[in-house]
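Engineer: Each chain is listed here by its residues.
There are 2 protein chains.
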Amino acid sequence: MEVINRYVTIKSEINGNPKETDFEIKCSGISVEVGSNDVVLKNLYVSIDPYQINRFKTHSPSSQNSTTNAMAISPGQIISAYGVAKVVASGNDEFEKDDLVVGMICWGEYSVFKGDQSMFRKLNPMALEFPLSHQVGLFVSKPKKGEKVFVSTASGSVGHLVGQYAKQFGCYVVGCAGTKEKVALLKEKLGFDDAFNYKDEPNLKSTIKKYFPDGIDIYFDNVGGEMLEAAIANMKHFGRVAACGVISEYTNTNNRASLNMVDIIYKRIKIQGFLVSDFVDMFPDFISFTMNHLRNGSLKTLEDISIGLDTIPKAFIGLFQGTNIGKKIVKLANE
Amino acid sequence: MEVINRYVTIKSEINGNPKETDFEIKCSGISVEVGSNDVVLKNLYVSIDPYQINRFKTHSPSSQNSTTNAMAISPGQIISAYGVAKVVASGNDEFEKDDLVVGMICWGEYSVFKGDQSMFRKLNPMALEFPLSHQVGLFVSKPKKGEKVFVSTASGSVGHLVGQYAKQFGCYVVGCAGTKEKVALLKEKLGFDDAFNYKDEPNLKSTIKKYFPDGIDIYFDNVGGEMLEAAIANMKHFGRVAACGVISEYTNTNNRASLNMVDIIYKRIKIQGFLVSDFVDMFPDFISFTMNHLRNGSLKTLEDISIGLDTIPKAFIGLFQGTNIGKKIVKLANE
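Those protein sequences? They're chains A and B, same order as listed.
Heads up: the first sequence runs through residues 1 to 335, numbered per full-length UniProt numbering.
Heads up: the second sequence runs through residues 1 to 335, numbered per full-length UniProt numbering.
Heads up, some of the hints might be wrong.
Derived EDC-like pairs: lysine to aspartate or glutamate, alpha-carbon spacing no greater than 20 angstroms straight-line [what the hints assert, rightly or not]:
1. A:K270 - A:D285
2. B:K300 - B:D285
3. B:K11 - B:D22
4. B:K122 - B:D98
5. B:K270 - A:E229
6. A:K270 - B:E229
7. A:K270 - B:D278
8. B:K270 - A:D278
9. A:K236 - B:D278
10. B:K86 - B:E2
11. B:K236 - A:D278
12. B:K42 - B:D93
Stretch by stretch, here's where chain A covers chain B in the computed footprint (C-beta under 8 angstroms, at least three residues) [to be verified]:
13. 234 to 247
14. 261 to 273
Below, a sample of chain A positions facing chain B; criterion: calculated Cβ distance under 8 angstroms [to be verified]:
15. A243
16. V246
17. E249
18. R256
19. K267
20. R268
21. G273
22. L275
23. V276
24. D278
None of these hints come from the bench; they were simulated from the model.
Backbone N, C-alpha and C define an ideal beta-carbon position, used for all residues, glycine too.
Go ahead and model the full structure; you've got the sequences and the hints to work with.
Structural biologist: Encoded structure:
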């Protein structure tokens with residue numbers, strides 16, 4: 001069979017704030033070669049994540065950062081992304097037409113896999129209920145009962161789950177977000193101990209001190225920049241920073257955090273960058289933990305869903321403007 | 001008995017580069033109270049370390065950093081420092097006149113301890129041969145054979161030993177220092193695989209890349225600022241930064257490193273601040289390891305010794321100008 005795949009790509013590299021005109025929709029043909037073990041998928045849901053912006057930047061081949069180099073997207077190229085899809089044609093014994101699968105699909109109507117089965121798997125029916133993309137990071141910081149945890153972009157796709165996991169571990173959790181509605185949601189629906197709107201706070205350092213008079217044990221950083229500086233100024237001795245994302249720096253490298261290393265040394269602070277792929281071993285435990293808590297209602301998910309391929313650029317741009325609440329997903333087709 | 005103690009103190013808080021006029025010499029009387037367990041020491045050698053500058057700054061009592069607050073020195077106060085001394089009078093059964101001791105003495109001719117024995121101990125005769133103040137930090141980074149290690153201020157008191165320890169672990173070690181003579185010393189006397197003079201290098205990032213074409217596994221940071229930024233740009237995936245000192249920031253907070261958190265996340269870099277006091281458990285192992293290697297000549301120490309109490313301010317100021325080679329010590333008296 002052959003299908004025409006409409007997909008979203010970038011017109012040119014994006015090095016600042018993304019705009020709708022940076023994107024375009026292209027078409028290409030997809031077919032299953034006879035005798036191959038290709039699988040053609042119709043994409044149903046696709047994840048829209050801020051980290052994608054780093055793939056759209058100009059990449060220097062001399063950079064030490066082979067991860068970002070390997071992930072780089074050139075203008076016109078298909079953009080891979082996590083999502084849920086349905087098999088429409090398969091030359092592979094392990095997959096049949098109409099199977100639901102989850103894994104790396106793309107910002108397009110169809111995806112094709114050429115025998116690389118590690119990139120997707122059959123869907124566990126429970127997985128549809130909650131986004132699993134990036135939330136294992138909290139485990140990096142080994143939260144202990146009674147510890148004080150601060151989460152930035154706390155109503156975002158990662159933050160809203162991280163805060164709830166920390167509560168499950170018996171921590172005291174404060175989050176920050178960018179609107180009154182998000183703050184109310186954190187406190188009233190998600191069980192955060194407290195939350196504040198960072199846009200109302202001219203001095204983040206003293207604001208954080210108000211919420212953590214004795215200091216922070218764990219800062220789960222999705223922001224970088226000034227927020228990271230203010231958090232470090234308020235950390236306890238032996239405090240840990242889980243560096244998960246840097247949304248303030250993605251679109252403006254002038255927003256880099258200027259770190260007080262004297263503080264980091266004297267307070268013996270640990271800053272650890274991580275990617276979800278480092279923790280695949282923990283994934284089964286993570287999933288069963290999450291499923292149990294979803295079932296008994298002690299964990300709640302926030303999803304923000306737009307409909308249709310054409311909404312992808314706007315959905316993506318909105319991440320950098322804070323328009324999403326919770327995990328941003330685009331629904332591409334009905335099952 | 002009563003002695004008059006001449007000691008060096010600060011005239012007022014020091015928030016920038018230290019000058020000789022920031023210091024003065026004062027006198028106070030020291031006596032052993034009858035029936036007390038006080039010990040009076042004549043100071044012989046005292047350590048001159050950059051970190052002392054942080055004790056001389058203006059301290060905000062509201063700071064979360066209770067370590068620097070507790071260590072703060074007020075103008076006129078005696079400045080405690082690591083050193084070697086001889087007992088001149090003792091009300092304490094464990095110490096006799098003429099015992100040699102090592103521990104926290106001061107920038108003065110005499111020290112007195114009021115029963116706080118944990119602050120000093122009888123001297124192990126071997127200890128005179130090498131400075132033990134700060135060098136345990138390398139263990140933080142768990143160096144493995146074949147790993148690539150970069151050390152800044154490599155001819156300083158900490159750096160010159162850290163580099164040699166890393167060689168003992170089978171690592172490839174490159175150091176940087178601020179003069180041609182220091183660079184020659186690192187390569188020819190201390191066995192570093194390579195070394196460079198950072199003052200000759202307009203672009204630290206590309207210079208480091210020349211010495212580490214495949215990237216750095218461990219960066220032992222004594223500098224902060226631009227050097228830390230350049231090292232992080234050149235780190236391998238899962239690289240580790242042992243944050244030991246920030247001499248570029250001590251006297252100028254504008255020299256803070258502006259960290260590329262995107263790099264830190266994608267390369268999963270760990271930055272860990274530490275103090276020597278966190279590793280007291282390892283001290284016996286560290287000492288026996290060091291003694292063995294000193295005895296068989298595979299470890300060499302650099303000491304830079306000035307004579308007399310009055311040289312302390314100049315010796316201290318020299319640390320920030322790079323005039324010392326190796327560990328800076330002031331000899332206060334003959335045994």
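Engineer: Go through the numbered hints given earlier and state which of them the structure violates, listing their numbers in rising order.
Structural biologist: 1, 23
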